[in-house]
Amino acid sequence: MLYNHYDVQPAEPLELWDTPPFEPTIHDGKLYARGSSDNKAEIAARLTAIRALRAAHGELPITIRWMIEGEEEIGSIHFDEIAQKYAHLLQGDGALWEGSGFDEDGRPSLVLGCKGLVYVQLDVQGVGVDAHSGNAPILPSAAWRLVQALASLRTPEGKVLIPGFYDAVMIPSEAEIEALASQGNHEEFLKKAFAVETFNDNLTGIELRKRQAFSPTCNIAGLLSGYTGEGTKTVLPAKAMAKIDFRLVPEQDPDDIVAKLRAHLDTHGYQDIRITTFGNAEPVMTPLAHSFAQRVAHIAEEYAEKPVSITPLGGGTLPLLGSMRKHVNLLGLMAPGNAAYWGSAAHSPNEHIRLSDLERAVSYNCYMFTALGEE
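For reference, each letter of the sequence shown is one residue, going 741 to 1115 in the working numbering.
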């Protein structure tokens, strides 16, 4: 069972793009376009591999069912309904989700799970209309009320302060920590990609990898209030809004986190703040010892002639995974058949892939599909 998606994140802010986001442009061996790495390059790599195998052998060495959806970036809001109704069409011996690639040492990367997600919007209404800021001594500010509420959600160091937020968090096993420890050290590549000198709390090594893989988060994705144009406008905002995403780890429950957020705001006197939930997804992780995961890991090592680099739990989210587990009882992983890499800038301006990675992704997919058919 293959899974991909064709929808994309908004391209804004457009002024940060060096080339038009929806006009694919090749420069210095890279192809720039919104959706190039997330997730159309992998669709192209898989489709090309399928066509190549058919051209060479007349038929595929395995039976493939391929689900390509257009709602992944908005939380796969209809996938649960589809999976429940058409579970018999989604069966397989294993699932290959959106794939990973090869690290900078040429080691094939496998990802065995994805964090869950809750995406909410907080809205504050202060005065009825925007007011002259000279009235600030006597009128409530929606902007200040919102930022003070946001400050109550987590410490400056990133610890979430919502009571019970960490109650269900899974403790990683020794095997999962060993898998992280065996990865190559690519911290300098990441610093370059994100233009930072250090990571949070000056973390490095295994502690950095553990934080990335197994820590749930509360992230402010956007803020809006008052006047944000050029120059000045002395205004007291009537409204304020924040968009927040929570990345969750096994065994946190998205609905439970929203309920705890509501209770936290109410306890701190913010009963007036409205919460709108735009989507949620369960965290899902395939065990290291799972037979299909072990099989794909062996194939990847044979192809690369190097040991695999395994991430037990990736930082992103695939909303379909909870539905696949619940209705189809099918687990899977991300195999290195994607052309994306650490610097692809997915969800960001100047998203791109390296053409050399695309060629390798096609080659690997041909090898993997063939090897899966031999056993």
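Treat the hints with caution; some may be incorrect.
Stated by the list, open to error - Here are the simulated lysine-lysine pairs, DSSO-like style, with alpha carbons at most 30 angstroms apart:
| # | residue 1 | residue 2 |
| --- | --- | --- |
| 1 | K770 | K780 |
| 2 | K1000 | K899 |
| 3 | K770 | K932 |
| 4 | K932 | K899 |
| 5 | K780 | K932 |
| 6 | K780 | K1066 |
| 7 | K1046 | K780 |
| 8 | K979 | K1000 |
| 9 | K950 | K973 |
Claimed, not checked - If you anchor each label on the Cβ, the simulated ranges turn out as follows:
| # | residue 1 | residue 2 | range |
| --- | --- | --- | --- |
| 10 | S922 | Q865 | 45 to 55 angstroms |
| 11 | V909 | W1082 | 19 to 29 angstroms |
| 12 | R951 | N875 | 39 to 49 angstroms |
| 13 | Q831 | G810 | 17 to 27 angstroms |
| 14 | S873 | I946 | 44 to 54 angstroms |
| 15 | R1002 | F939 | 44 to 54 angstroms |
| 16 | D845 | H767 | 20 to 30 angstroms |
| 17 | D845 | P903 | 40 to 50 angstroms |
| 18 | D941 | E1099 | 30 to 40 angstroms |
| 19 | R1035 | G846 | 16 to 26 angstroms |
| 20 | Q831 | W1082 | 29 to 39 angstroms |
| 21 | G810 | A935 | 43 to 53 angstroms |
| 22 | N875 | G1055 | 37 to 47 angstroms |
| 23 | K1046 | K950 | 34 to 44 angstroms |
For the record, the hints were derived by calculation from the structure and aren't laboratory data.
C-beta atoms are modelled at their ideal positions from N, C-alpha and C, and glycine is treated no differently.
* Asked: Quick check: which numbered hints come out false for this structure?
  -> When the structure is compared with the hints, numbers 9, 15, 21, 23 turn out to be violated.
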